[in-house]
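**Q** Each chain, written out:
2 protein chains.
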Amino acid sequence: MKRIAIDMDGVMANVKPKFLDLYEQDYGIRLQPEQYLGKKIYQLPNVMEFRNHYFQKGFFRDLEVMENAVEVIKWLQEHYEVFITTAAMEFRNSFEDKYDWLAEHFPYLHWKNIVFCGNKSIINADYMIDDNAFNFEGFIGKGLLFTAFHNVEEKRYTRVDNWLEVKTFFEQELN
Amino acid sequence: MKRIAIDMDGVMANVKPKFLDLYEQDYGIRLQPEQYLGKKIYQLPNVMEFRNHYFQKGFFRDLEVMENAVEVIKWLQEHYEVFITTAAMEFRNSFEDKYDWLAEHFPYLHWKNIVFCGNKSIINADYMIDDNAFNFEGFIGKGLLFTAFHNVEEKRYTRVDNWLEVKTFFEQELN
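From first to last, the protein sequence lines stand for chains A and B.
With my numbering, letter number 84 in the first sequence gets 84, and the count goes up by one each step, no holes.
With my numbering, letter number 46 in the second sequence gets 46, and the count goes up by one each step, no holes.
Certain hints may be false.
Since the list can't tell identical chains apart, any single copy or any two copies may satisfy a pair.
[What the hints assert, rightly or not] Subject to a maximum C-alpha distance of 27 Å in a straight line, what follows is the list of computed DSSO-like cross-link-like pairs (lysine-lysine):
{"#": "1", "residue 1": "Lys112", "residue 2": "Lys74"}
{"#": "2", "residue 1": "Lys2", "residue 2": "Lys16"}
{"#": "3", "residue 1": "Lys155", "residue 2": "Lys112"}
{"#": "4", "residue 1": "Lys40", "residue 2": "Lys112"}
Quick caveat, the hints were computed from the structure, so don't treat them as lab data.
Full structure from sequences and hints, please.
**A** As structure tokens, then:
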């Protein structure tokens, strides 16, 4: 059985709505797509401290589930070994939040298949679904770039725009 | 640079003294080596619930550091890529304790090189130092079994009895 490594933030969890709300709360401006497409929110001018939200307890606990993720990952588990591989390690306060979020929304995932890491070159898998292209550098398998507002200009990797496209890709791989 | 994956409990952290103290506290008996050699403490007769200590907040926070681990891992980092790979994922309450323990005793380790996982077949490394032989099944590199009271009868893997032996092994690998 081939193995798929799946990222959480920006892939299973939709971070964008929370980012836009927090930005509006912090700076009084509702960002429009043309302002943030192609970058991370904290890479906008003069908002470096926006990134500190990541370090707060609770930040990762109430993120929206990405549309169709629950059903498609359940389907993937029937045909592949599925591991959740999230770069949590920079954020000590994210561990319990991420664990509880997975338990709430993806109760069918076994703890043996969850990985909190930093540098993802440590992951041994055939495929990796991730919204950060830098995670594919040094990865031994095939990277699938999950479309996010910050990666729309990245051209180097096979792209999947949503979970239905992920399912289509892996249905074809099975044939 | 070749990569070494290093387990925490029983390898970097010495769990045995705490186990013996807790067993005495719970059951009023100071275990002697002939009673526990070759097994985990919770595999002794009628003490299945002893394993519940793992689930308590704080259990992993105050473990002793294994002798010479700090110096030898620092030396390894000069010659190898070092990743800490601990099967924390069964124990939600262990995450912050393990993270803080590493920060206290091994402040030179970068968060990018720390991995909390379940099944260690997900680890992509050239070597793995671990006290549980089952972690080498499915591992793509070479396993080095770190001697612990529970694994004394295991014969399948190269054995290292302590951190000075680990250093000697990797000095030879460099030649």
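**Q** For each hint, tell me whether it holds in the structure or not.
**A** Each hint, compared with the structure:
{"no.": "1", "hint": "Lys112 - Lys74", "verdict": "within (16 Å within a copy, 29 Å between copies)"}
{"no.": "2", "hint": "Lys2 - Lys16", "verdict": "neither (31 Å within a copy, 38 Å between copies)"}
{"no.": "3", "hint": "Lys155 - Lys112", "verdict": "between (33 Å within a copy, 26 Å between copies)"}
{"no.": "4", "hint": "Lys40 - Lys112", "verdict": "between (31 Å within a copy, 20 Å between copies)"}
Hint compliance for this structure: hint 2 alone is broken.
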